[in-house]
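Novice: Residue numbers (this note's numbering), protein chains in the order written: chain A, 1 to 113; chain B, 1 to 115.
Treat the hints with care, since some could be wrong.
To be verified - Selected chain A positions facing chain B (Cβ under 10 Å, derived; list incomplete):
#, residue
1, Val4
2, Arg9
3, Tyr35
4, Gln37
5, Pro39
6, Leu41
7, Gly42
8, Arg44
9, Leu45
10, Phe48
11, Tyr100
12, Gln102
13, Tyr103
14, Gly105
15, Pro106
Stated by the list, open to error - Pairs of lysine-lysine, DSS-like flavour, derived with a Cα cap of 27 Å:
#, chain 1, residue 1, chain 2, residue 2
16, B, Lys107, A, Lys3
17, B, Lys55, B, Lys107
18, A, Lys70, B, Lys102
19, A, Lys55, B, Lys107
20, B, Lys102, A, Lys55
21, A, Lys3, A, Lys53
22, A, Lys57, B, Lys102
23, B, Lys107, A, Lys57
24, A, Lys53, B, Lys102
25, B, Lys102, A, Lys71
26, B, Lys102, A, Lys3
Stated by the list, open to error - Negatives, chain A to chain B, calculated, CB over 12 Å:
#, residue
27, Arg14
28, Tyr64
29, Glu69
30, Glu72
31, Ser87
32, Thr113
Hints are computed from structural coordinates only; laboratory data are not their basis.
Remember, it's a predicted structure, so these values are computed and weren't measured experimentally.
Don't be surprised by glycine CBs; every beta carbon is placed ideally from N, CA and C.
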Amino acid sequence: DVKVTQSSRYLVKRTGEKVFLECVQDMDHENMFWYRQDPGLGLRLIYFSYDVKMKEKGDIPEGYSVSREKKERFSLILESASTNQTSMYLCASSRGDSLYEQYFGPGTRLTVT
Amino acid sequence: AQTVTQSQPEMSVQEAETVTLSCTYDTSENNYYLFWYKQPPSRQMILVIRQEAYKQQNATENRFSVNFQKAAKSFSLKISDSQLGDTAMYFCALALMNRDDKIIFGKGTRLHILP
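Chain A extracted, bound-state conformation:
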């Protein structure tokens, strides 16, 4: 079974802090994704990566950056956390030849106070 893990289930940070959210997948997937999920807004794509050191902006990249130094790991970085970044963050991965069949991690619920 594909396993996508995220470093924390719950995280509380202060405004202005730098925040790192880590995602690791164990199935050698080429593609990895970061979404945020908000009530009434569904899932919105922040960034995705289709290869090591490659990244593409999604629909809402402002205030975020990403890093993919190794194939199995995709990090989301909030350079200076703000209260409007309080959300559930979901990581996903997929095979290179099955781009749309995504496997999701359990999510990180981030609260910025």
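Please build the complex by placing chain B on the supplied structure of chain A, with the hints as guidance.
Specialist: Then chain B, alone, in the frame of chain A:
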């Protein structure tokens, strides 16, 4: 631009009943995939079913089936003999073939299966 609309924010049905979740979408493209994802409470989101737009036959996965109406741009999910474990948030999603690498998700329908 592509859009996905789920008009039912929340639904409740009794266990063992059949329930249909609605989804409409908009795209000017002809080749695309449609998906239903399920997110149980405090658990990971999983893919339930997928449909290729070029296929006329509706996809089926055990108790889950879809009613794909391409002309009407409608993609509803039917859950037969509903079970308590079907309680979840359900997301309808659209992805264009060979374009953009992105999935467009609807806002979700929260489904409660009542004992």
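Novice: Would you pick out the hints that fail for this structure and give their numbers low to high?
Specialist: none
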